[in-house]
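These are the residues of each chain, in order.
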Amino acid sequence: MILHWSKKKSITGNKATPYLRSIILLFVFYLPITGVSQTKLNVHGYLTQAFAISDGHQILGIPSTGTSDYRTLALQFRFDLDEASNFVIQLSHKKTGKSPLAVLEKDIALDWAFFQHKFSNQYSIKVGKIQIPFGIYNEVRDVGVLLPFYGLPYAPYGEGGYMSETVDGLSITFMSEDFNPWNFEFSIYAGHWSWSEWFNTKNVFSGALEQQVGIAQIEKGVGGQLVLNTPVDGLRLIAAGQFGRVVDGLSFSENGILGPKNFYDGLLAIDADFEKYFFRSEFLFLALDKTDVQVNAGYAQAGYYFSESFSLNIQGEMFRVNYLTLPPILSKITGKSSFSFDFDIDYAIGFKYNFSSNYTLKLEGHWNKGYLVEEIALSPFQEKAAETLYSILSLSTSF
Amino acid sequence: MSACVAAQSKLNIHGYFSQAFAISQGHQIFGIPEQGTSDYRTMALQFRYDADDQNLIIMQISHERMGKSPIMVLEEGLKLDWAIYQHSFSNGLSFKVGKIQIPFGIFNEIRDVGTLLPFYRVPYASYGEGNYMSETINGISVSYSFFSESGWKIDFTSYLGEWKWIEWAARENPFTQKLTVLVETPQIRNVFGGQWWFNTPVDGLRLGLAGYHGDISGGLSFSEETGIGKENINVFHFSVDYEQTDFFIRSEHTRYFLKENDIFAFSLYGQAGYNIFKGMWLNVQAGTYKAINVPIPLLNIRSDIDYYEDFALGLNYFFSAQLALKLETHWNKSLIVEEKMINFGKDKPFGTNYMILSLSTSF
Chain A
5 MILHWSKKKS ITGNKATPYL RSIILLFVFY LPITGVSQTK LNVHGYLTQA FAISDGHQIL
65 GIPSTGTSDY RTLALQFRFD LDEASNFVIQ LSHKKTGKSP LAVLEKDIAL DWAFFQHKFS
125 NQYSIKVGKI QIPFGIYNEV RDVGVLLPFY GLPYAPYGEG GYMSETVDGL SITFMSEDFN
185 PWNFEFSIYA GHWSWSEWFN TKNVFSGALE QQVGIAQIEK GVGGQLVLNT PVDGLRLIAA
245 GQFGRVVDGL SFSENGILGP KNFYDGLLAI DADFEKYFFR SEFLFLALDK TDVQVNAGYA
305 QAGYYFSESF SLNIQGEMFR VNYLTLPPIL SKITGKSSFS FDFDIDYAIG FKYNFSSNYT
365 LKLEGHWNKG YLVEEIALSP FQEKAAETLY SILSLSTSF
Chain B
397 MSACVAAQSK LNIHGYFSQA FAISQGHQIF GIPEQGTSDY RTMALQFRYD ADDQNLIIMQ
457 ISHERMGKSP IMVLEEGLKL DWAIYQHSFS NGLSFKVGKI QIPFGIFNEI RDVGTLLPFY
517 RVPYASYGEG NYMSETINGI SVSYSFFSES GWKIDFTSYL GEWKWIEWAA RENPFTQKLT
577 VLVETPQIRN VFGGQWWFNT PVDGLRLGLA GYHGDISGGL SFSEETGIGK ENINVFHFSV
637 DYEQTDFFIR SEHTRYFLKE NDIFAFSLYG QAGYNIFKGM WLNVQAGTYK AINVPIPLLN
697 IRSDIDYYED FALGLNYFFS AQLALKLETH WNKSLIVEEK MINFGKDKPF GTNYMILSLS
757 TSF
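Protein sequence lines, in the order shown, are assigned to chains A and B. Numbered per my numbering, the first sequence spans residues 5 to 403. Numbered per my numbering, the second sequence spans residues 397 to 759.
FYI, nobody ran anything at the bench for these hints, they're computed from the structure. Where hints are given, some of them may not hold.
As the list claims (entries may be wrong) - Now the stretches of chain A that chain B is said to cover, found in silico as 3 or more residues with beta-carbon under 8 Å:
id, segment
1, 131–142
2, 324–331
3, 364–372
Claimed, not checked - If you want the footprint, here are the derived chain B segments under chain A, 3+ residues with CB under 8 Å:
id, segment
4, 407–416
5, 433–439
For each residue, glycine too, the CB sits at the ideal point set by N, CA and C.
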């Protein structure tokens with residue numbers, strides 16, 4: 005089914021009216037000053053503003069001319085219905101420079117909206133548009149003061165692609181301290197979510213760059229996560245997995261290169277956060293049913309706290325695609341049916357200065373090699389990966 | 397500090413949220429596919445600022461997801477529902493200006509408040525889904541209550557302004573047989589309307605009379621190229637609302653007149669609910685929508701169209717006044733199924749069953 009919106013409504017994204025945006029942003033600054041008159045309502049906000057520049061290629065929306073159109077903002081309303089139940093809404097605003105995915109961004113979006121009920125200290129349920137518990141960072145993506153770098157590691161969190169922040173559905177969480185000094189938290193969830201995709205291709209007649217953006221839908225998605233808190237203070241281990249059917253978008257539509265597919269993925273993580281240093285690493289494996297296509301993605305991150313205020317952070321990540329089906333014409337030429345390649349390799353170093361617990365300045369540099377570049381059509385089947393350097397200076401605050 | 401404290405007490409924030417899982421059998425309807433969907437949700441966040449006893453500013457933003465409904469192409473992630481300035485005079489007269497709720501029937505002003513609705517959505521007959529009735533008008537309204545001290549209190553509101561409808565239609569490409577869904581928004585301008593509520597001496601019983609007149613153009617049905625052209629629309633709406641502690645009975649009837657093309661339509665629904673035991677309600681609803689003398693250009697005829705019939709049964713459990721779980725099932729025969737092209741004048745209404753399980757909360 006093809007949808008046509010025949011007015012001049014752009015597929016370049018729906019935007020809230022300008023005065024809605026102004027009113028929402030006004031409340032970001034108004035509410036912490038004046039508060040609200042209801043004692044059961046809590047309002048929190050997170051804002052990160054950045055300037056970013058790359059050295060040649062455009063990557064993650066960062067052009068070589070630089071951009072300050074790089075920002076995340078979240079406003080969270082939490083209402084405690086009673087001691088056991090609460091209702092949470094988070095609105096967000098995100099700008100990613102010249103990213104192809106910017107067409108999908110709404111000026112103000114609904115991040116989450118859910119009802120939570122705690123049956124006991126151990127069991128709780130969430131219903132609505134809820135955060136997906138998946139890995140170390142998926143539930144704290146917007147909280148700049150907590151993150152070592154401006155953004156999450158692309159491997160495995162992507163930029164909305166192949167990983168979603170939320171699920172429309174429900175989750176059940178069970179926590180146990182029965183195995184003291186070990187304790188664990190187990191969550192399962194089910195529902196619907198989506199992935200963002202974008203590709204650059206060349207017009208076969210004119211050679212002009214054509215950028216395609218799509219949204220794949222995950223239907224009947226199911227997932228779970230186990231967080232194991234060890235007896236070592238600050239050390240925890242995480243295992244997570246998902247299963248679902250992915251349809252539509254660019255790759256998974258009936259006419260797409262892969263077509264509708266069942267997928268499953270698994271993630272392992274270690275999170276060690278100590279007084280003077282931290283170390284984190286995550287590894288994701290993703291596979292598509294009835295194909296050989298696999299994704300292996302992972303990163304390692306470490307940081308040293310010189311003082312309470314100042315830390316040095318480093319990170320290395322890799323995103324590898326295995327056994328991707330070759331187009332028929334290339335398959336004929338090469339004699340191979342599939343192809344494996346490193347989609348993204350990134351090394352980063354960054355400095356983080358905390359003026360206070362909710363006011364942080366970060367400066368980071370990245371060396372990247374891969375196919376994430378956005379101003380050209382780079383084919384992994386025929387062309388070498390592009391190398392790019394980019395830097396981000398950002399200020400994060402929260403209340 | 398005193399200014400901050402004063403400001404703090406004048407701002408109130410309220411929220412309404414409903415999350416559902418819905419599944420259909422037979423056809424896709426209201427965005428509900430046969431494989432089911434949890435992409436079904438309404439959320440509203442209301443900011444109310446009482447500047448003083450007489451002046452009030454309200455802003456409500458909302459978010460709605462309707463599964464695979466064609467009208468999702470128009471859905472903003474978040475949209476401005478209302479933005480109202482209200483002034484009340486000391487004699488009881490008040491006016492609102494801005495993007496204001498249209499006073500029309502029992503439910504039009506509380507569409508988003510899941511904890512107040514017997515079913516997930518308001519009755520399609522009379523309220524539509526973005527079509528044939530709008531939640532808001534860009535304009536001004538004036539309200540006054542008569543005979544407030546007597547047993548027959550009358551609440552009257554009159555309004556002026558304009559709004560939009562949403563229309564969609566599925567068309568089949570004759571060469572590829574692929575379905576294309578067209579979505580358009582006819583405009584209704586120069587609207588003048590009003591709502592009377594007669595609160596009777598019988599406790600819980602009120603009678604409503606509403607209506608509006610306007611000029612409608614554009615969209616799929618009212619454009620010169622693809623439809624019947626500009627029209628003059630008159631709508632009349634009658635409501636009976638009887639509510640007691642343990643039961644309620646409601647019914648509404650709407651009549652539409654399109655003068656230039658001599659087209660008439662009417663809708664009717666009835667709804668009843670009974671409190672089986674504390675917190676648990678059993679609700680039933682039946683509705684119908686019929687259009688008379690509709691031109692069918694492809695067949696060069698005019699025809700009466702049985703557009704919509706729906707019978708629903710639902711169970712609601714209220715954990716508290718602010719939290720409700722609803723399970724409802726609908727038996728529907730209509731021409732609003734979404735996965736096929738409808739040939740008006742030839743196709744009979746399609747039978748669909750659908751169920752919705754939803755959780756509604758408010759603060």
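Hint by hint, here is what the structure shows:
For the segment 131–142 of chain A, the stated coverage by chain B holds: 3 residues have a C-beta nearer than 8 Å to a C-beta of that chain, and at least 3 were required. Counting residues of the segment 324–331 of chain A whose C-beta sits closer than 8 Å to any C-beta of chain B gives 0, which falls short of three, so the coverage hint is violated. Three residues within the 8 Å Cβ limit are the bar, and the segment 364–372 of chain A against chain B gives 0, so the coverage statement is violated. Under a criterion of three residues with beta carbons nearer than 8 Å to beta carbons of chain A, the stated coverage of the segment 407–416 of chain B is upheld, 6 such residues being counted.
Only residues whose beta carbon comes within less than 8 Å of a beta carbon in chain A count, and the segment 433–439 of chain B has 6; three or more means the coverage holds.
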